[in-house]
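J.: Sequence:
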Amino acid sequence: MILPLANDLEAGPDRIGGKAASLLAMARLGLPVPPAFVVPTDVARTWAATGRLPDGFAGQLMEGVRGLEAASGRGFGAAHRPLLLSVRSGASVSMPGMMETLLNLGLVDQSATGLAAETGNTAFVDALRTGFAAQFNQCVGPVPDNAEAQLLAAVEAVMASWNSRRARRYRAHHGIADDLGTAVTVQAMVFGNLCERSGTGVLFSRNPIDGDSAPWGEWLPGAQGEALVAGTHDGQPIDALAAALPEAHAQLLAGARALEQAGRDAQDIEFTIESGQLYFLQSRAAKRTARAAVAIAVALHDEGLLSRAEAVARVSPDQIAALLAPVLGDAGAAPVLASGTPASPGAGAGLAVGTAAEAEARSAAGEPVVLVRPTTSPDDVGGMLVAMAVVTGAGGATSHAAVVGRALGKPVVTGCGADVPARLVGQPVTVCGASGRVFAGLLPLVPPPVEPALARWRALAG
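Numbering-wise, the sequence shown is residues 126 to 587 according to this note's numbering.
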């Protein structure tokens, strides 16, 4: 029921999930990965069928924790050198942001006191406790002052999130089977908010918007990963990491190259830096726009990583259709209502609405809509599926709205300003995801320009 993520583990993503498989692959490449174990997918399927965990599960779960304690030299929930854990979902097929993640399990009174004494940073520990309590209350319920009880409840919450409405909607849209189930990865925490030499980030080995070969991403000093992905904080360009922590930056780029070579595809990499030490937390095939899909497939073929047939197969008919979809033509004198980060290209027009529920209702009645939110969360996926475009007040190009929007082929503009959503709602607008601008009115769209990479891809396909 518990599988330590050791180099000799023989199990594929269908059993241990994509997240755990990526941790194992990164560790085998010699990249720094915090110790972890996984609850395989068959346990979650049993839980879904019976409503209860298998007999003896709690004991085996704590056996797994003892392995993490030995690897880290820390104690789960302990007063001295406490170990905190993350609990994450991990289906065999990537479903970014659709299921629950819980961080900082094991924060009880004595471990919080011990961590404050160890770090000499009570503000850091107070921030952890506040964030943990809010997340646990939202996903599970009241926080028990017992580390084992926290962990068991978190594991069940992650399993339950497989059948959340947003996860079911995402699977239906992408043709993912409902019976796959999710694995649950339990991993030692590292802290991007510990000190000024700490932070978190997302790196793409290639640009997921246009397919350019240069690494691309964002990093956020002094924060944990959820702050960047949720879009509640704006990150800095990944080049800023080179200036702040050059050794970690160089190690990150080298790791990205190794992961891309091993995976034979552009990678989406999540990382944390704790006191100058880089840790790789996840690597998966990057969600990308149709334009990037074509450019990356051609480039990987030219670099010898993909055969001709593989390069052709990397681009779906839906992506070709998206690449040929109309774009914004001459906007003329149309007022610019907002501008932000161009997070996913294309153009879309409709009535600006402020909730996913309204987007779904109006779309069902045949009215085109643009979803406008302060930030998007996984609960907004239903509205994103039907919207012509998505606009957010906060967040950057690696936020949830941007990543999911690219996967759905939706134009997305992020980080327009906190006051923008309220100003836009109720107005007809046109969104240009390529320029990052939102215009007043429903503007005409025109055929897109010819993409050079598309001609190359067609030659490979011919």
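Hints are computed from structural coordinates only; laboratory data are not their basis. This structure is a prediction, so every number in the text was calculated from the model and none was measured. You may find that some hints are simply not true.
Claimed, not checked - Quick list of the computed label-pair ranges, beta carbon to beta carbon:
(1) Ala490 to Gly155: 51 to 57 Å
(2) Gln263 to Ala489: 25 to 31 Å
(3) Gly542 to Ala252: 24 to 30 Å
(4) Ser289 to Arg433: 38 to 44 Å
(5) Pro460 to Pro221: 30 to 36 Å
C-beta atoms are modelled at their ideal positions from N, C-alpha and C, and glycine is treated no differently.
J.: Any hints this thing doesn't respect? Which numbers, in order?
T.: Result: no hint breaks.
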